[in-house]
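**Q** Below are the chains, spelled out letter by letter.
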Amino acid sequence: MAKNLFEKVWDAHTVRTLASGQTQLLIGTHLIHEVTSPQAFGMLRDLKLKVAMPHRTFATVDHIVPTDQFAEPYADPLAQEMMDALRKNCAEFGITFFDRATGKQGIVHIVGPEQGITQPGTTIACGDSHTSTHGAFGAIAFGTGTTQIRDVLATQTIAMGKLKVRRINVNGKLRPGVYAKDVILHIIRVLGVNGGTGFAYEYGGEVFDRFTMEERMTVCNMSIEGGARAGYVNPDETTYAFLKGRPYSPKGAAWDEAVARWKSFASDPGCHYDDVVSINAADIAPTVTWGINPGQGIAITESIPDPAKATAADEKASIDEALAYMKLKAGAPIKGTKIDVAFIGSCTNGRLSDFQEVARYLKGRHVAPGIKAIAVPGSQGVRVLCEQLGVDKVFRDAGFEWREAGCSMCLAMNPDKLVGDQLCASSSNRNFKGRQGSPTGRTLLMSPLMVAAAAVTGTVADAREVFSVAAN
Amino acid sequence: MALEKIIRVAGRGVCVPGNDIDTDRIIPARYLKCVTFDGLGEGLFYDVRKNPDGSEKPHPLNDPRFKGARILLSGANFGCGSSREHAPQAIQKYGFKAIVAESYAEIFFGNSTTLGLPCATASREDIARVAAAIEANPTLELALELEAQVLRFGTQSIPINLRESARNALVNGRWDPIGELLEGTAGVAATAGRLPYMGR
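Here the protein sequences come in this chain order: A and B.
Position 433 of the first sequence, counting from 1, maps to 433 under our numbering, and the rest follow consecutively.
Count along the second sequence starting at 1, add 472, and that's the number in our numbering.
Derived from the structure by calculation, the hints contain no laboratory data.
Heads up, the beta-carbon is just placed ideally off N, CA and C, and yes, glycines get one too.
Misleading hints may appear alongside valid ones.
With a straight-line Cα cutoff of 25 Å, these simulated DSS-like cross-link-like pairs (lysine-lysine) come out [claimed, not checked]: (1) A:Lys162 - A:Lys3; (2) A:Lys393 - A:Lys335; (3) A:Lys8 - A:Lys263; (4) A:Lys309 - A:Lys329; (5) A:Lys263 - A:Lys327; (6) A:Lys417 - B:Lys522; (7) A:Lys335 - A:Lys316; (8) A:Lys104 - B:Lys505; (9) B:Lys569 - A:Lys417; (10) B:Lys529 - A:Lys327; (11) A:Lys327 - B:Lys565; (12) A:Lys363 - A:Lys329; (13) B:Lys505 - B:Lys477; (14) B:Lys565 - B:Lys477; (15) A:Lys50 - A:Lys3; (16) A:Lys88 - B:Lys477; (17) B:Lys529 - A:Lys316; (18) B:Lys569 - B:Lys539; (19) A:Lys417 - B:Lys539; (20) B:Lys477 - B:Lys522; (21) A:Lys48 - A:Lys88.
Restraint ranges, calculated between C-beta atoms of paired labels, are given here [what the hints assert, rightly or not]: (22) B:Thr627 - A:Ser303: 46 to 52 Å; (23) A:Lys329 - B:Arg596: 38 to 44 Å; (24) A:Asn171 - B:Asn523: 32 to 38 Å; (25) B:Thr627 - A:Asp314: 50 to 56 Å; (26) A:Gly192 - B:Leu475: 52 to 58 Å; (27) A:Asp256 - B:Arg666: 17 to 23 Å; (28) B:Asn609 - A:Asp320: 26 to 32 Å.
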């Protein structure tokens with residue numbers, strides 16, 4: 001019987017059905033970081049349990065690390081305490097830790113693929129909702145809470161209900177200046193922030209066939225912002241080419257066996273989907289959020305929604321609440337809105353190609369006066385490659401601060417925070433109230449190139465005009 | 473591990489209205505700088521409940537009439553965003569024993585269930601009826617009955633829903649799955665043995 005990738009991976013990792021009706025699901029790869037894991041290790045100790053398969057868990061530190069300080073102790077003693085706890089827990093339980101001194105540290109969702117740990121046909125869990133990123137490789141990858149981290153550590157399994165699968169086709173050709181970030185912001189705008197609840201999203205179609213792995217990761221990363229706990233792309237030659245030769249990728253004869261196995265997990269022709277949605281690539285514009293959730297996005301050429309034109313009471317209330325918080329004017333163009341901060345980085349858009357693409361256009365330009373602009377590589381590996389290629393120099397020359405790797409201002413658990421009601425053009429994934437570290441701070445989500453356009457003009461701008469993108 | 477069978481949750485209620493209330497709003501990220509879950513209740517809804525100087529903003533949880541509420545009512549897609557278990561932990565440590573909302577984000581729902589915090593759903597109209605009754609009489613006693621799948625308030629009741637696997641786990645005292653997962657060790661080894669990548 002024809003099966004989709006989700007069903008194949010799920011079935012291959014099913015241990016048994018639990019009394020509640022949930023599945024005991026084997027977790028092939030477990031990734032942990034400093035914020036959501038310490039309590040899980042505490043629970044293990046309380047229950048006098050060991051880590052069942054320490055070689056299947058990998059740790060890194062990303063959320064709390066300062067990006068302007070490498071040496072310890074950190075200025076923030078709480079950050080240092082979390083760092084120390086992770087180091088101690090990994091040493092005690094025999095877990096590989098990509099600490100900062102290893103040169104392999106970075107945001108957990110960038111490190112996994114970079115090291116070749118993220119592989120097709122596997123299950124991947126991590127106490128972080130953006131674990132959906134790893135689905136770009138044809139893995140079933142999802143975020144968990146801390147108690148489930150305990151479960152994975154202790155048993156290498158979790159209790160979970162099977163998800164439905166929605167196939168999302170994006171066919172046609174993206175217009176110049178339209179990026180993977182715009183594709184996912186558009187999908188969330190169309191399907192809603194809770195449209196994916198209970199689903200895994202399978203992304204496909206001509207646009208995804210052409211996408212690089214980094215572009216696929218950007219889209220899968222934000223599946224959770226559409227309510228989908230997991231999102232994936234079927235593995236193909238692009239996937240295998242990316243993985244070949246990475247530290248944890250299979251080698252020699254094992255490589256050929258692995259590729260054959262990986263291919264077998266791809267969705268079969270004619271398989272069943274619980275829902276199918278088709279989107280025309282040409283309909284997608286450079287997209288910017290104006291509100292307080294990632295579904296509140298518009299094309300750069302559109303105006304900020306007017307609650308008076310809302311068709312439902314609910315919609316009106318949500319626009320009212322968002323505009324009151326964002327201090328934006330109903331019906332005004334989003335283009336031209338003055339910004340205070342520009343942030344390029346995060347597990348959504350902190351990869352080599354993100355910085356390279358911006359550097360192509362940023363060369364010879366300068367950040368507008370009064371704008372704080374920071375560029376934060378997603379991993380030490382990304383930072384080193386950017387520096388070898390001279391990408392960092394373009395950013396520095398343009399007036400961006402070039403930082404050490406980490407999550408940084410995406411959620412501002414480190415010192416990189418908005419102040420007061422600053423407005424930030426951000427390549428990150430969430431524009432929730434207070435997300436970037438100030439209870440009144442405001443976030444506009446957009447692609448990295450759109451952030452660069454905002455940085456050099458000091459306002460929300462159409463990158464296609466600022467950088468003459470169409471002409472390139 | 474013997475767990476409490478969660479069949480009935482009773483107490484006063486409070487409604488925190490709104491859709492898409494995300495976990496950053498439930499517990500701001502700076503409260504995640506901790507290595508235990510102790511004291512998280514104080515950070516619950518902090519930035520919408522308090523000003524930076526610590527003074528209170530108008531918020532249902534600051535309203536003295538609703539102090540001591542045990543059942544939290546809210547809107548659709550409650551708990552969206554970050555997977556942080558700190559969010560249900562904060563709700564539970566603040567003193568809530570159950571949530572009744574229109575719908576929940578997937579990860580939040582699972583995290584809450586595993587903590588023995590039932591997340592029941594009800595229609596918007598029914599939640600509004602209960603909220604109006606609480607507003608009229610904040611001392612009104614509510615009772616969430618998981619087997620009968622109703623929320624009683626005063627002499628009235630509304631139907632509620634709870635996903636079967638979660639309801640089953642709660643009423644049978646199996647909401648924390650660790651004991652059962654540990655019993656499956658032999659099956660885990662067999663499943664892992666069929667997957668070449670699981671080997672060292």
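**Q** It remains to establish, for every hint, whether it holds in the given structure.
**A** So, going through the hints one by one against the coordinates:
no., hint, result
1, A:Lys162 - A:Lys3, "14 Å, holds"
2, A:Lys393 - A:Lys335, "28 Å, violated"
3, A:Lys8 - A:Lys263, "12 Å, holds"
4, A:Lys309 - A:Lys329, "14 Å, holds"
5, A:Lys263 - A:Lys327, "50 Å, violated"
6, A:Lys417 - B:Lys522, "19 Å, holds"
7, A:Lys335 - A:Lys316, "22 Å, holds"
8, A:Lys104 - B:Lys505, "23 Å, holds"
9, B:Lys569 - A:Lys417, "34 Å, violated"
10, B:Lys529 - A:Lys327, "19 Å, holds"
11, A:Lys327 - B:Lys565, "34 Å, violated"
12, A:Lys363 - A:Lys329, "33 Å, violated"
13, B:Lys505 - B:Lys477, "32 Å, violated"
14, B:Lys565 - B:Lys477, "19 Å, holds"
15, A:Lys50 - A:Lys3, "36 Å, violated"
16, A:Lys88 - B:Lys477, "36 Å, violated"
17, B:Lys529 - A:Lys316, "23 Å, holds"
18, B:Lys569 - B:Lys539, "14 Å, holds"
19, A:Lys417 - B:Lys539, "33 Å, violated"
20, B:Lys477 - B:Lys522, "36 Å, violated"
21, A:Lys48 - A:Lys88, "17 Å, holds"
22, B:Thr627 - A:Ser303: 46 to 52 Å, "50 Å, holds"
23, A:Lys329 - B:Arg596: 38 to 44 Å, "30 Å, violated"
24, A:Asn171 - B:Asn523: 32 to 38 Å, "50 Å, violated"
25, B:Thr627 - A:Asp314: 50 to 56 Å, "30 Å, violated"
26, A:Gly192 - B:Leu475: 52 to 58 Å, "36 Å, violated"
27, A:Asp256 - B:Arg666: 17 to 23 Å, "20 Å, holds"
28, B:Asn609 - A:Asp320: 26 to 32 Å, "29 Å, holds"
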